[in-house]
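Undergrad: Position chain A relative to chain R; hints supplied.
Chain order of the listed sequences is R and A.
Numbered according to my numbering, the first sequence spans residues -9 to 343.
Numbered according to my numbering, the second sequence spans residues -9 to 343.
A few of these clues could be false.
Chain R regions said to be covered by chain A (calculated; three or more residues, Cβ under 8 Å) [as the list claims (entries may be wrong)]:
#1 80 to 91
#2 277 to 291
#3 294 to 302
#4 306 to 313
#5 320 to 331
Calculated cross-link-like contacts (lysine-lysine; reagent style BS3-like; alpha-carbon spacing at most 25 Å) [unchecked claim]:
#6 Lys247(A) - Lys72(R)
#7 Lys268(R) - Lys117(R)
#8 Lys217(A) - Lys69(R)
Derived by calculation from the structure, the hints in this document are not laboratory data.
In this text, all values refer to a predicted model and were calculated from it rather than measured experimentally.
Ideal Cβ positions, reconstructed from N, Cα and C, are used throughout, including at glycine.
There are 2 protein chains.
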Amino acid sequence: VFGASNFPLAFSTAGGDTAAALAAGCPVVVKGHSAHPGTAEIVAQAIDAAIRKLGMHPGIFSLIQGGKRDVGQSLVQHKLIKAVGFTGSLAGGRALFDLCAQREDPIPFFGELGSVNPMFLLPEAVKARGEAIAKGWAGSLTMGAGQFCTNPGISVVIDGPDADAFVDATTEALAPVGAQTMLTDGIASAYRSGRDRIAAAKGVQELLTSTCDLRNATPYLFATTGKEWLDNEVLGEEVFGPLGLVVRVADFDEMMKVARSLSGQLTCTLHMDAGDTKHGQALMPVLERKAGRILANGFPTGVEVADSMVHGGPYPASTNFGATSVGTLSIRRFLRPVCYQNMPEELLPADLR
Amino acid sequence: VFGASNFPLAFSTAGGDTAAALAAGCPVVVKGHSAHPGTAEIVAQAIDAAIRKLGMHPGIFSLIQGGKRDVGQSLVQHKLIKAVGFTGSLAGGRALFDLCAQREDPIPFFGELGSVNPMFLLPEAVKARGEAIAKGWAGSLTMGAGQFCTNPGISVVIDGPDADAFVDATTEALAPVGAQTMLTDGIASAYRSGRDRIAAAKGVQELLTSTCDLRNATPYLFATTGKEWLDNEVLGEEVFGPLGLVVRVADFDEMMKVARSLSGQLTCTLHMDAGDTKHGQALMPVLERKAGRILANGFPTGVEVADSMVHGGPYPASTNFGATSVGTLSIRRFLRPVCYQNMPEELLPADLR
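If we strip away everything but chain R, and leave its shape as in the complex, we get:
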């Protein structure tokens, strides 16, 4: 299990991947993230204390800290490692995925590699309550300095006066949000690179800009047209932080084209009123093939640990389309079915006797 930079507790040493693997009966080796070695150590000591108190085998849990990339690379290639859980960047995750696939005995790499979590704003909803949606988006986009995997980075809206009002309301809601401290210097610097990438793209308009330095992040808002977005893959790449991009499409047909052109996503969101039902129904078969979780009239940043949760999706949201890294189903990644045929009672696992 690789600790995630953005969740020092919920997705690192004793986070969701570790809990799922332990629950499946697997000993776990955690590679601590360099962003929070102290937190990792404190949590590992708590786990170690629990293991001693319960008289469990000490090999059930290990934490490895420090070193460069070669430490993680060695771990995923070790013959006793049989599966990997990872939350992080596309580049880093893909490199480890490749090592897992290239082993003499390939092992599954369950990686959650990012998502832009697009929201589709349908016309009746934008007309009736565009300002409320704008305020909600600004809150979701800037929560925790935008450092959520499920941060909704893109809003797709049909061009016109209602879209203008939505854009104005979003700008107004984001403007007073001050600088927030990001988790690491690396995340802050990657945020600014992402911002520069979007700002430099052809046909992109700056709606809200600011300056941020050191480990600070301030919100940015950009707009582009559906045509420009469809022509430029860069505009669909994740910028990790409080940066929003409004994609103004010419009509609903172009909104469908944007949906069809999406890469795999953790979430897709619809904002819709009763009068938008037909458009929503038309989008659903597309969105169901693009995302692990589809929401209506909400914001995706809150991820409940529940039976029905899917935190995964087609690549690169997840490297395994059948897997979720949050929720009850997450244990399945680390389970292996065994069929017992005609076994004497005494040889069956205790639960099956």
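TA: Just chain A now, with coordinates in the frame of chain R:
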């Protein structure tokens, strides 16, 4: 879905992989195996007739025949192909697995790549009914000219007079089995290469030999010691056909060593009586980590399509340790979970309304 050479009906055009993928709602493209193009065509015509009769979309099923390896390679790299089902050789399967993993958007390759299906004969059972086990083994080993993925190619037995009697009884049971026609020239030629590989290995004794040519296969029986088997990986590689290898181990400790050194298997079998329970219990934690299916006092060649069936296992038995290619659970390979949050009734799939 790649048609399997050894199951023109049950694991080819309309076989288990196709049924599982269709049941999961996926359109299927079958790459027919060159061993049985006529059978593939007849079955495809039946599927096509059913599609027309039911008014289903004709794109739900396609059969592609002919060509060299580049046809299959192109298929697994096509952007509309999202998962692959395969039953076949380790070399051929691994090449396709690698192509799937190397895609810009990697896709799962569900490959069943072979198994030697070892049987562990515990001492009380061998003493009490070694001859019956020998007869059963001979039947399972030669059924269908040994062309089953679950063919039990290896029997591990503790050396001594009871082992001698078991070996004699096996030789006697196999001797009268005549030549059987194999499915293809390629399978027959690979069988003879495998036989030569075993016969040439150090410390291997020929117990039953014969000559077979053209597309014929006659049974062969070899014996070796636990020590030789542990020292030579070649002896653990699958020989597809009616060839048996008896591994005479010095004692139960050496039997445990043989079990621990196994690569992933579709099946492992125990032959045991009540007095063998402790030995069986000692083997179980090892075998559960080596095979997808564990049997007692039976033979693995019959694979029932049932809820509890697992036809898979650690690599190379399967490329995905969580997958089975036979039984109800086989559908899971082609399913992708989607979470619906706060969706209006009208946008949910009909089954969830």
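Undergrad: Taking only the CA atoms, is the gap from Lys217(A) to Lys69(R) under or equal to 25 Å?
TA: Holds, because 23 Å separates the two Cα atoms, which is no more than 25 Å.
Undergrad: Against the 25 Å threshold, does the CA-CA distance of Lys268(R) and Lys117(R) hold or violate the hint?
TA: With Cα atoms ~16 Å apart, Lys268(R) and Lys117(R) stay inside 25 Å; holds.
Undergrad: Are there three or more residues in the region 277 to 291 of chain R whose C-beta lies closer than 8 Å to some C-beta of chain A?
TA: Three-residue rule met by the region 277 to 291 of chain R, so holds; n is 9.
Undergrad: Under 8 Å between beta-carbons, do enough residues of the region 294 to 302 of chain R, three at least, approach chain A for the coverage claim to hold?
TA: With 4 residues closer than 8 Å to chain A, the region 294 to 302 of chain R meets the three-residue bar; holds.
Undergrad: Given the hinted pair Lys247(A) and Lys72(R), is their alpha-carbon gap at most 25 Å?
TA: holds (21 Å)
Undergrad: Does the region 306 to 313 of chain R contain three or more residues whose Cβ lies closer than 8 Å to a Cβ of chain A?
TA: holds (count 5)
Undergrad: Quick check: the region 320 to 331 of chain R, covered by chain A? Criterion 3+ residues, Cβ under 8 Å.
TA: holds (count 9)
Undergrad: Apply the coverage criterion to the region 80 to 91 of chain R and chain A: a residue qualifies when its Cβ sits closer than 8 Å to a Cβ of the chain, and three qualifying residues are needed.
TA: The restraint on the region 80 to 91 of chain R holds, since 3 of its residues have a Cβ under 8 Å from chain A and three suffice.
Consistency with the previously given hints is maintained throughout, with no hint failing.
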